[in-house]
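Number of protein chains: 2
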Amino acid sequence: MPESIPDDSIGLVKSSIFHFNEPLALASGLTLNEYELVYETYGKLNEARDNAVLVCHALSGTHHLAGYYSMDDRKPGWWENIVGPGKVIDTNRFYVVGVNNLGGCHGSTGPKSTNPATGKPYGPDFPIVTVTDWVTSQHRLSEKLGIKQWAAVVGGSLGGMQVLQWAIDYPDSLRHAIVIAAAPKLTAQNIAFNEVARQAIRTDPSFHDGHYYEHDTIPESGLRIARMLGHLTYMSDDIMAEKFGRALREGTINFDYGIEFQVESYLRYQADSFVGSFDANTYLLMTKALDYFDPAAAVAGDLTAVLAKVSADFFVLSFTSDWRFSPQRSHEIVRALHDNDLNVSYAEIESHHGHDAFLLSLPQYLSVFSAYMNRVAGECSK
Amino acid sequence: MPESIPDDSIGLVKSSIFHFNEPLALASGLTLNEYELVYETYGKLNEARDNAVLVCHALSGTHHLAGYYSMDDRKPGWWENIVGPGKVIDTNRFYVVGVNNLGGCHGSTGPKSTNPATGKPYGPDFPIVTVTDWVTSQHRLSEKLGIKQWAAVVGGSLGGMQVLQWAIDYPDSLRHAIVIAAAPKLTAQNIAFNEVARQAIRTDPSFHDGHYYEHDTIPESGLRIARMLGHLTYMSDDIMAEKFGRALREGTINFDYGIEFQVESYLRYQADSFVGSFDANTYLLMTKALDYFDPAAAVAGDLTAVLAKVSADFFVLSFTSDWRFSPQRSHEIVRALHDNDLNVSYAEIESHHGHDAFLLSLPQYLSVFSAYMNRVAGECSK
Chain C
1 MPESIPDDSI GLVKSSIFHF NEPLALASGL TLNEYELVYE TYGKLNEARD NAVLVCHALS
61 GTHHLAGYYS MDDRKPGWWE NIVGPGKVID TNRFYVVGVN NLGGCHGSTG PKSTNPATGK
121 PYGPDFPIVT VTDWVTSQHR LSEKLGIKQW AAVVGGSLGG MQVLQWAIDY PDSLRHAIVI
181 AAAPKLTAQN IAFNEVARQA IRTDPSFHDG HYYEHDTIPE SGLRIARMLG HLTYMSDDIM
241 AEKFGRALRE GTINFDYGIE FQVESYLRYQ ADSFVGSFDA NTYLLMTKAL DYFDPAAAVA
301 GDLTAVLAKV SADFFVLSFT SDWRFSPQRS HEIVRALHDN DLNVSYAEIE SHHGHDAFLL
361 SLPQYLSVFS AYMNRVAGEC SK
Chain H
1 MPESIPDDSI GLVKSSIFHF NEPLALASGL TLNEYELVYE TYGKLNEARD NAVLVCHALS
61 GTHHLAGYYS MDDRKPGWWE NIVGPGKVID TNRFYVVGVN NLGGCHGSTG PKSTNPATGK
121 PYGPDFPIVT VTDWVTSQHR LSEKLGIKQW AAVVGGSLGG MQVLQWAIDY PDSLRHAIVI
181 AAAPKLTAQN IAFNEVARQA IRTDPSFHDG HYYEHDTIPE SGLRIARMLG HLTYMSDDIM
241 AEKFGRALRE GTINFDYGIE FQVESYLRYQ ADSFVGSFDA NTYLLMTKAL DYFDPAAAVA
301 GDLTAVLAKV SADFFVLSFT SDWRFSPQRS HEIVRALHDN DLNVSYAEIE SHHGHDAFLL
361 SLPQYLSVFS AYMNRVAGEC SK
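Top to bottom, those sequences are chains C and H. Counting from 1, one number per residue, gives the positions in the first sequence under this note's numbering. Counting from 1, one number per residue, gives the positions in the second sequence under this note's numbering.
No lab work stands behind these hints: they were computed from the structure. Among the hints, erroneous ones may be present.
For identical chains, the list gives no copy identity; a pair is met inside one copy or between any two copies.
Derived SDA-like pairs (lysine to any residue); straight-line CA-CA distance at most 25 Å [stated by the list, open to error]:
#, residue 1, residue 2
1, K243, S326
2, K185, D237
3, K185, H231
4, K185, Q262
5, K75, N340
6, K185, T252
7, K185, S321
8, K120, F255
9, K243, G301
10, K120, D256
11, K243, L303
Because the structure is a prediction, the values reported are computed rather than measured.
When you get a sec, could you build the whole thing from the sequences and use the hints?
Structure representation (structure tokens):
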């Protein structure tokens with residue numbers, strides 16, 4: 001392994017693209033006639049084709065779970081600490097698949113892709129997609145990859161919602177469902193935070209009703225606000241106190257509107273790095289998918305009923321200081337699974353890192369997650 | 001009392017203005033050479049001049065605590081449920097004073113006032129004022145009103161911070177300090193929410209670096225975002241679940257970016273009513289005053305030490321579901337007061353209304369608050 005890439009990394013990786021010509025009927029009633037999904041795979045699919053693990057991403061995630069694109073690439077995939085040889089999701093044992101969701105901005109068809117009907121970017125004409133739509137498109141991808149049944153489908157946050165939907169929509173297509181830091185639906189407060197972020201983007205004059213590509217601009221201010229606000233809700237009060245407290249950047253109060261407190265500097269930095277890499281229309285879509293997710297809505301809110309046909313074993317994880325999707329929200333899922341006499345493991349990880357904890361290498365988290373993945377691996381053919 | 005005004009209201013009221021010619025040296029090092037404070041009074045100052053109660057307002061509050069400005073006025077003062085004849089702060093017993101803070105936008109000198117040096121609105125040239133500056137200016141107002149010692153100084157949220165500062169800066173000028181839903185300083189999370197709101201305003205192209213008055217516009221989008229975000233943090237997850245849950249405005253999902261959930265409708269309504277009545281530069285100033293408030297900073301964060309010369313009796317109130325300034329923040333104040341052997345009463349009100357609870361008529365709140373004010377009134381001369 002070359003010097004610049006750590007030994008325990010999967011190393012150099014590349015993305016692939018599948019083009020789908022079968023029309024996809026969406027939850028909205030609209031149809032996507034054709035689309036592409038970009039994905040990455042790590043490890044080897046065994047002969048029995050039963051060691052595949054699908055990782056679903058959250059709001060700002062991608063298909064790039066692990067590894068590096070080049071020797072000069074400084075930044076590995078977003079779950080590098082979890083996915084790799086000998087890691088929690090062990091690429092020596094599993095064939096791991098990451099896919100960029102439809103509507104995304106990292107290679108799969110989305111608002112910034114060219115609309116074949118007009119020859120211009122879809123922009124706001126890209127249909128609003130839902131968690132169900134994502135799962136349907138991911139299921140088609142698994143068919144293309146020759147995977148009839150996933151050893152596990154795994155995801156955190158919005159990714160965990162996709163896992164839940166997989167278990168509901170394709171009960172025979174996965175043996176284990178691993179739902180991390182998720183919720184069975186958003187609360188009014190969750191929706192409200194999303195709505196403020198959307199309003200920030202949509203009222204930015206550079207948004208041009210979503211047609212900003214054609215104006216050669218982006219709604220940068222709005223996207224910055226959305227990201228800062230989102231980021232705020234991913235952290236706990238405690239971790240912010242520990243990281244920043246009331247520390248001043250220059251040691252003194254300046255009585256102006258520049259950066260005074262370290263926490264302000266951090267938020268602006270987060271915003272800077274986000275606006276360069278994320279599409280505003282995709283951000284809007286993703287928050288809508290979050291708002292709409294409510295699999296039990298079709299059965300009058302009865303989560304137990306909607307899980308009746310589920311057959312996967314579940315591992316549900318939550319983090320004590322996560323106030324975006326608190327442990328109580330995971331308890332709702334666990335209770336409904338228990339009501340259906342399903343095999344459920346549940347771990348509530350002690351952490352002061354807030355919602356972001358699912359991305360971190362907390363020892364207790366890695367330990368229970370590894371133990372569960374060991375069990376999953378043990379059930380796979382050699 | 002005329003039909004349109006409830007019997008238990010103080011009734012028709014009017015504001016007064018004091019012009020101050022003595023320069024005011026501010027914490028920032030700048031000086032305001034002259035300024036005006038708008039205020040209202042209710043009830044009668046007794047002969048001993050010892051029955052006066054000062055109410056300090058929070059971020060979006062004003063001097064208009066109670067009563068109506070005309071027979072057609074539909075909206076009473078912001079603390080109408082607390083201030084009035086026979087009410088918690090009983091105008092039959094107390095002489096109650098409300099004052100709009102310096103930097104405000106409801107009559108006291110602030111960013112939208114004319115800068116005598118230029119003949120144009122101050123705009124961004126209005127100096128950033130602090131809680132200490134407000135208390136100094138309020139103290140000058142009390143001298144003008146002939147009040148040497150307040151029976152009580154009362155305030156909620158940012159108002160409560162002013163009460164704490166009064167007790168520190170003018171220990172002989174108040175007998176009771178009533179601090180409601182406040183904190184001895186902001187956390188990093190609190191500051192971060194303020195910063196996101198400020199960025200929303202300051203990056204709105206209509207902000208024009210604060211000179212929007214001259215462009216005959218206002219940074220409406222930014223101010224709307226700031227208000228929606230603020231409002232969100234004033235409510236608890238529980239009360240939002242109870243008020244809105246996931247209720248849809250039209251009963252069905254539309255798959256677009258219009259108003260879908262009731263909570264979105266509510267937030268937009270709150271934003272609409274705010275932008276028409278509040279000045280963006282004042283909003284910025286107020287959030288800065290919140291960020292900067294930290295009376296113990298001068299003594300290495302030792303709240304006990306900074307309260308050493310305080311002599312007022314304290315009544316501290318908090319609300320269980322307030323996550324902006326949680327009961328723990330009030331405990332910090334109470335502990336530091338106890339360390340100084342001061343008389344402290346503390347009430348933690350069971351409520352699911354979040355930070356906003358201090359504005360509401362919750363029975364337990366009204367009851368303990370009334371009992372305390374009775375005690376204060378009993379100590380006043382007839």
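(Q) At most 25 Å between alpha carbons: which applies to K185 and S321, within, between, both or neither? (A) both (19 Å within a copy, 22 Å between copies)
Q. Under a CA distance limit of 25 Å, which applies to K185 and Q262: within one copy, between copies, both, or neither?
A. For K185 and Q262, the Cα distance is within 25 Å only across copies (16 Å; inside one copy 34 Å).
Q | Status of T252 relative to K185 across identical chains (alpha carbons, at most 25 Å) | A | Classified as between: cross-chain Cα gap 16 Å, same-chain 44 Å, threshold 25 Å.
Q: Go through the copies and call it for K185 and H231: within, between, both or neither, with a Cα cutoff of 25 Å.
A: Both, since 20 Å and 22 Å are each at most 25 Å.
Q | Homomeric proximity label, K243 with L303: Cα distance no greater than 25 Å | A | Between copies only: 22 Å across, 38 Å inside.
Q. What label fits K120 with F255 when the C-alpha limit is 25 Å: within, between, both, or neither?
A. between (47 Å within a copy, 22 Å between copies)
Q) Checking K243 and S326: alpha-carbon separation at most 25 Å within a copy, between copies, both or neither? A) Classified as both: same-chain Cα gap 21 Å, cross-chain 20 Å, threshold 25 Å.
Q) For K75 vs N340, is the C-alpha pair at or below 25 Å within one copy, between two copies, both, or neither? A) neither (42 Å within a copy, 53 Å between copies)
Q.
Within, between, both or neither: how does the pair K243, G301 come out at a Cα-Cα threshold of 25 Å?
A. Only across copies: K243 and G301 sit 18 Å apart there, 39 Å inside one copy, limit 25 Å.
Q: Evaluate K120 and D256 at a C-alpha cut-off of 25 Å and name the case that applies: within, between, both or neither.
A: Classified as between: cross-chain Cα gap 21 Å, same-chain 44 Å, threshold 25 Å.
Q) Between K185 and D237, at a C-alpha cutoff of 25 Å, which is it: within one copy, between copies, both, or neither? A) Result: close both inside a copy and across copies, 23 Å intra and 14 Å inter.
In this structure, the one hint that does not hold is number 5.
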